[in-house]
Amino acid sequence: MEDQQEGKKEEKETDYRRLQSYPLIRHSDMNEEMRTETMELCVTACEKFSNNNETAAKMIKETMDKKFGASWHAVVGEGYGFEIAHEVKNLLYMFFGGNLAITVWKCS
Amino acid sequence: MPPKAAPKQKAGGTGSNLKVGKGRAPRINAPAKGKDDDATTEAGDGVGEEWMQAKTLIKPDDQLELTEQELKEEFTRILTANNPHAPQNIVRYNFKEGTFKQTSHVDQLAIHFSLEGNMIHKDSDEARRQKAKYGASESYYQSWMWKALSEQAISESGEEKKDEGEVEGDAKPEEGEQDGEKGDDSATPAPPKSDQKLTNQFNFSERASQTYNNPYRERGSQTEPPPRATFSSTANQWEIYDAYMEDLEKQEKAKESKKQTSRKDEEKSKKKLTALETQSDDLSRISHAAKIIERMVNQNTYDDVAQDFKYWEDVSDEYRDHEGTCLPLWKFSYDKAKRLAVTSVCWNPKYRDLFAVTHGSYDFMKQTRGMILFYTLKNPSYPEYIYPTESGVMCVDLHPEHPYLIAAGFYDGSVAVYNVTLKTLTPLYQSTAKTGKHTDPVWQVAWQKDDLDNNLNFTSISSDGRVVAWTLVKNELTFTDVIQLTLDEVPQEGPDGTQLAPLGCGTCFDFHKQTDHLFLVGTEEGKIHKCSKAYNSQFLDTFDAHHMAVYKVMWNHFHPKIFISCSADWTVKIWDHTYTNGPMFTFDLGSSVGDVAWAPYSSTVFAAVTADGKVHVFDLNVNKYEPICEQAVVQKKKTKLTHIAFNSTHPIIIVGDDRGYVTSLKLSPNLRKVPKDKKGAELSKGPEAEIAKMDKLLSLVREPSNKDEKN
Numbered sequence: 001m002e003d004q005q006e007g008k009k010e011e012k013e014t015d016y017r018r019l020q021s022y023p024l025i026r027h028s029d030m031n032e033e034m035r036t037e038t039m040e041l042c043v044t045a046c047e048k049f050s051n052n053n054e055t056a057a058k059m060i061k062e063t064m065d066k067k068f069g070a071s072w073h074a075v076v077g078e079g080y081g082f083e084i085a086h087e088v089k090n091l092l093y094m095f096f097g098g099n100l101a102i103t104v105w106k107c108s
Numbered sequence: 001m002p003p004k005a006a007p008k009q010k011a012g013g014t015g016s017n018l019k020v021g022k023g024r025a026p027r028i029n030a031p032a033k034g035k036d037d038d039a040t041t042e043a044g045d046g047v048g049e050e051w052m053q054a055k056t057l058i059k060p061d062d063q064l065e066l067t068e069q070e071l072k073e074e075f076t077r078i079l080t081a082n083n084p085h086a087p088q089n090i091v092r093y094n095f096k097e098g099t100f101k102q103t104s105h106v107d108q109l110a111i112h113f114s115l116e117g118n119m120i121h122k123d124s125d126e127a128r129r130q131k132a133k134y135g136a137s138e139s140y141y142q143s144w145m146w147k148a149l150s151e152q153a154i155s156e157s158g159e160e161k162k163d164e165g166e167v168e169g170d171a172k173p174e175e176g177e178q179d180g181e182k183g184d185d186s187a188t189p190a191p192p193k194s195d196q197k198l199t200n201q202f203n204f205s206e207r208a209s210q211t212y213n214n215p216y217r218e219r220g221s222q223t224e225p226p227p228r229a230t231f232s233s234t235a236n237q238w239e240i241y242d243a244y245m246e247d248l249e250k251q252e253k254a255k256e257s258k259k260q261t262s263r264k265d266e267e268k269s270k271k272k273l274t275a276l277e278t279q280s281d282d283l284s285r286i287s288h289a290a291k292i293i294e295r296m297v298n299q300n301t302y303d304d305v306a307q308d309f310k311y312w313e314d315v316s317d318e319y320r321d322h323e324g325t326c327l328p329l330w331k332f333s334y335d336k337a338k339r340l341a342v343t344s345v346c347w348n349p350k351y352r353d354l355f356a357v358t359h360g361s362y363d364f365m366k367q368t369r370g371m372i373l374f375y376t377l378k379n380p381s382y383p384e385y386i387y388p389t390e391s392g393v394m395c396v397d398l399h400p401e402h403p404y405l406i407a408a409g410f411y412d413g414s415v416a417v418y419n420v421t422l423k424t425l426t427p428l429y430q431s432t433a434k435t436g437k438h439t440d441p442v443w444q445v446a447w448q449k450d451d452l453d454n455n456l457n458f459t460s461i462s463s464d465g466r467v468v469a470w471t472l473v474k475n476e477l478t479f480t481d482v483i484q485l486t487l488d489e490v491p492q493e494g495p496d497g498t499q500l501a502p503l504g505c506g507t508c509f510d511f512h513k514q515t516d517h518l519f520l521v522g523t524e525e526g527k528i529h530k531c532s533k534a535y536n537s538q539f540l541d542t543f544d545a546h547h548m549a550v551y552k553v554m555w556n557h558f559h560p561k562i563f564i565s566c567s568a569d570w571t572v573k574i575w576d577h578t579y580t581n582g583p584m585f586t587f588d589l590g591s592s593v594g595d596v597a598w599a600p601y602s603s604t605v606f607a608a609v610t611a612d613g614k615v616h617v618f619d620l621n622v623n624k625y626e627p628i629c630e631q632a633v634v635q636k637k638k639t640k641l642t643h644i645a646f647n648s649t650h651p652i653i654i655v656g657d658d659r660g661y662v663t664s665l666k667l668s669p670n671l672r673k674v675p676k677d678k679k680g681a682e683l684s685k686g687p688e689a690e691i692a693k694m695d696k697l698l699s700l701v702r703e704p705s706n707k708d709e710k711n
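Top line first, the protein sequences correspond to chains S and F. full-length UniProt numbering puts the first residue of the first sequence at 1, with every later residue one more than the last. full-length UniProt numbering puts the first residue of the second sequence at 1, with every later residue one more than the last.
Pulled out of the complex, with its shape left as it was, chain F reads as follows (with noise of 0.2 Å):
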């Protein structure tokens, strides 16, 4: 080294202000002057490595002394790529032209040094051909390598390696140690693992961790074998002979049974049907459940209206002097039984929550089918029973003893009687043509007390102008004609001479409670005539008591001698049958008057519907002059109210629209009020307290009208 040293110094000397080394490539003029061009290489060697070295400077001791001048004097050089030592002027013979000539391409190639190198790359052919030679595979090479590696690292390892150095081989890379021992081994090394990638065994990393181990857990379960049995049978040639000849026996007894059988396929039929009956049974046994899950699901749905039935009292009764409310509760519709009017309403005489409503139409050109409902309390959401009909229905009635049994009047003017314990949907009996049906629509029927033979009869009444009793007598319905309306005019000259008395239009009656025989009619005329089933013809007495059609006639529940009637003409008028000349109160609605009921719990009280849609309630012990509660119940205007109906037991009435709602209220407490004497103590309850109150009224209004009349 320090021999090479003293020339870079040297050039150092020479050309240590050479910018040579500042970044670009030096161009140095290959071979040319041995050492000062190695010089420069150096230096700018030396300049490249700077960074690394030492700062001081050594010199060496032959270096040139220069003066400080001499130092910082400039040379200038140019380096080129040309060849200094290249002839500028070749000259060879052409033969082509015959001549000497320059050559202009002069070659300033010079190599300095060059060294064989001892790899050769793997797919070269020379490689090939050494593989083929030594018949080895990669791994050869791969040892030989490791094998060259080892033998450097132990020259250079020290002396005593040295000396073993001439036997080859021997160094594995694993144990360079094992150096002497096995000589001869290297003729063939053993490959480490053949056709392995070789790797570099330095260049890894180990990582390691510990995870979590579950905990283990044990579960099991005992579970009870399928139940066994045990079966035994011996089986050969005679047990099957025997057991098919039995078998053939059997068939032979079955087909002769089977002649019979066929026989009786009739009465198989028969079992059918009544299978079938059965399962219809089995239908109904599940709509027993069913009905009364509806309810239980009506009951949730309409709780706080089942609440206020029961426990609501308006409690602002208390701040009004006399008057009261209805409060709306249910209200019953049925959409097939939609925009057809109520023709009526009435309740249930034996179960208080249920009632009948028809439906059928008051407009004459608009007659359209009908229907019988039944609803409940209990279910608001659907009839309990249902029986449409053809003609529109008029008017209802249950028998009180028979509750099952429905009487009803049609529009074509005949009657029937339903049984709603039967299943079917048609009339148990139904008037025809021959049997005396009414030639207009039937507008009232009335069940009446059992005729002598105990058997059920009721009346009817139609424009028709007759009052006919029907009686029930096993599978026929005969009828009687109780009474033929006539007018008092002067019998009409037919076109043929015959004489027509013009007859009575009949719209409403009510037989008296206690007088059999006793009963009013009224007409279309606006008549009311009281007459006796004794007389045929003839009647007691008539009222000219309305100037319009009269829609109800209806005897006090207490007071035997006083009725109630109301009409189209507005007003509600009550009588006393013994005294013809007028009727006792008279109430003008300021509409047309659909229905009147008395209370059955008063006799003073009694509601009326009108048909611009409101209720009307007196209590004649309240106020005789106006109604002490007057309220609108409908939702739509124009909406007519057509039925009203008092409930025996319960403080509700239920009123009947011509758009076929059916709404029920609740009477406020004022509108049911005990009357209290001075004291505070209630009167004494009963019929007769009842009547003496009515008669107390009838005292006050009499007397005065008498003293008119005697004027």
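Excised from the complex, chain S in its bound form (with noise of 0.2 Å):
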């Protein structure tokens, strides 16, 4: 019975890995354009540094620099809590791959 529930359980996991490999914006106020450009970049980067978030993190904020102009704060990481203080309307956080969230702000 146990085995069985782990293995159900196991491929409600892959399942849920699978299904829940796109991104899922939480919380944005950026504008629709920014938002899916930044969204894609991330998306980009996580796909890129699977395995090193923090590579991961340092691409999305220097590409972001590069983009939209400097003082940009990317965070990638599987838990976390956060305050920060944010320029309007450059703001985007996000969920990724299941397992990933991933901060993204402009504060200079």
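Keep in mind the hints are simulated off the structure, nothing from the lab. As the structure is a prediction and not an experimental result, all values here were calculated from the model. Please note that a few of the clues may not be correct.
As the list claims (entries may be wrong) - A few chain F residues that face chain S, going by a derived Cβ cut-off under 7 Å, partial list only:
{"#": "1", "residue": "R77"}
{"#": "2", "residue": "A81"}
{"#": "3", "residue": "N83"}
{"#": "4", "residue": "I240"}
{"#": "5", "residue": "A243"}
{"#": "6", "residue": "E246"}
Backbone N, C-alpha and C define an ideal beta-carbon position, used for all residues, glycine too.
Using the hints, build the complex out of the two chains.
Here's what the structure looks like:
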């Protein structure tokens, strides 16, 4: 029984993984164009550096700096809490891959 | 020095008069007699340097005293390049020939003095050798040279230094006084800044200047920082999982609703249509603003015309007896209606600045499209409404109570009703062959009073001899023949034996203003029939009015008995409908009269337009025989004026021509003069006064004519 349950759970887990690989924006006050662009960037970065959140965050930050001007901040992680002050219209908080939370904001 | 001078003077004694030094290089034959030759050279030098020496000659003590005679004696001496000491005949043994032979070449060179120099070229072998030997760079030589120089200087400066002069090399170029102290440095003198090019330190000039310093200015500004907000959240696996699950649910719901929405696709497409409509609405909203702007621009462009329209009164009228003038104001034209004759003009009964113009062609052979245009005086450059038609439009009438309804008659015999408020270009109603369409061009349409059922109705007349009343019933246009025009000739027999009654060709009509049933019909034959709605095929009266087609009949606005007619036979006639024997007045205008119209402000004023491009304005009260204004208003010759209309409030008329232009004209004060009684006070206004005025005129005319008749 337990094994079966375990198996089911695993199945469900993989299923969940498969399903939940799309980006899910939790909160954002960016305009449409910027939001999609940032989201795509986050996805690219996290797929590229799937085993290194730090480099992913670095890539996001640097690319954002290039695209939208300096002083961007990016956090990529599986679990963290935060309270940030950000410039209005420059915040994106999203989930990706079922286990990653990505926060990108601008504040100089 | 003195010993040297002696031979010099001596030489002067012997060869002072030699003209040796005269620019020519002395042909000195080198060594020869030592002293003498020296003297000559010296003398040469002396002459060369004469300019810088004092001229007083100092005689040496032992100078030979010579007499004047001796001094003046000239010695001639020829100097050659030959060495006088050289042997003239050198003989050498020639081994080849075994004899002594005289050599032809004798060496003439003599060396008197030679001195070894202490300078060597730095690129020469010797220099290189020295360099190698001393192992020093060029700077060594420099320092060495400096040393030598300073040494010289010291030796010349005085004895003290000479004493110490033994110590070589210590004299540095910069500090010549520190002689003794650094005695041993001579071996390795500090090279002054290696590799630096030696410059002449005395050859320089110094310049300095002070520039103006720009004043400093400080400027600062403080900007507001971009707005910020705080955001806080916690991210962990549970949260992420929950978020995704929530999203999944949403997606599933969305899928379900999509199925439902697919059914509503049709509705959506409908919505799109409405969206399109609202878009056009947006455009129309802009068009309203654009229209205002357009009118403003036009007002600016035609400012002078607008001023004339409102304020200009021809002052010269006071000096003319009774005659007046017409001042051309705006000219209306539309590109697409050019070359289409103006077939009718009609003022809007409600909006005094708006009028309708129809375009078509009067030429039977050249029938083309037509057009109904609405112009306003506020925008002379472009029509307000445009209704293009396939057939030429021959006439138009605006409903007096519903000015947005236009009745129009076409060359193809149909009649139509347009509604200006609708944005469609197609007519609201149109008669077809089935619904009683005329078979010939419709020459006039006129709205009538609403019938008993309050249905709108209008009447039309055509060359096919029918006068038809049209009624607008809901979606239909129903017709009733009011009268059939016939000729009182005997019916002719057709080819198949049927009786064919020849038909009259109606060209115009006008309903009496007070008596509803009474109306006049003008025909192409030149007759005017007085008809009643009550009789379908009979005329109350017939006037043999004109010799050619009657173009217009019109009841007087004030007097109920009087009407006017015009014709192609060049005449305008005024009639009393109760008096059939002849016209009250006849005016010959010298050309085909296209249209005539009573003025709305006076019972005695009317205007006519003729084919020679003239407007004729009459006031019977002023002159019963001649027009008080006869004015050509067309630009080009051969332009025929076709129609005329008085504005009901403004003192202007519009005339249309056969080239598609409509010209507005302002009537000068004389043309709209209110008659004054003898005291100068204005007569009472009103229809009664107008009727009385007309009656007075008629009585003048009628009596003699009546008498004639009696006679």
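Hint check results:
1. R77: Since the shortest Cβ distance to chain S is 103 Å, the answer is violated.
2. A81: violated, 93 Å
3. N83: Not OK, violated: F/N83 not within 7 Å of chain S, min 97 Å.
4. I240: holds, 5 Å
5. A243: holds, 6 Å
6. E246: violated, 9 Å
Checked against the numbered hints listed earlier, the structure breaks hints 1, 2, 3, 6; every other hint is satisfied.
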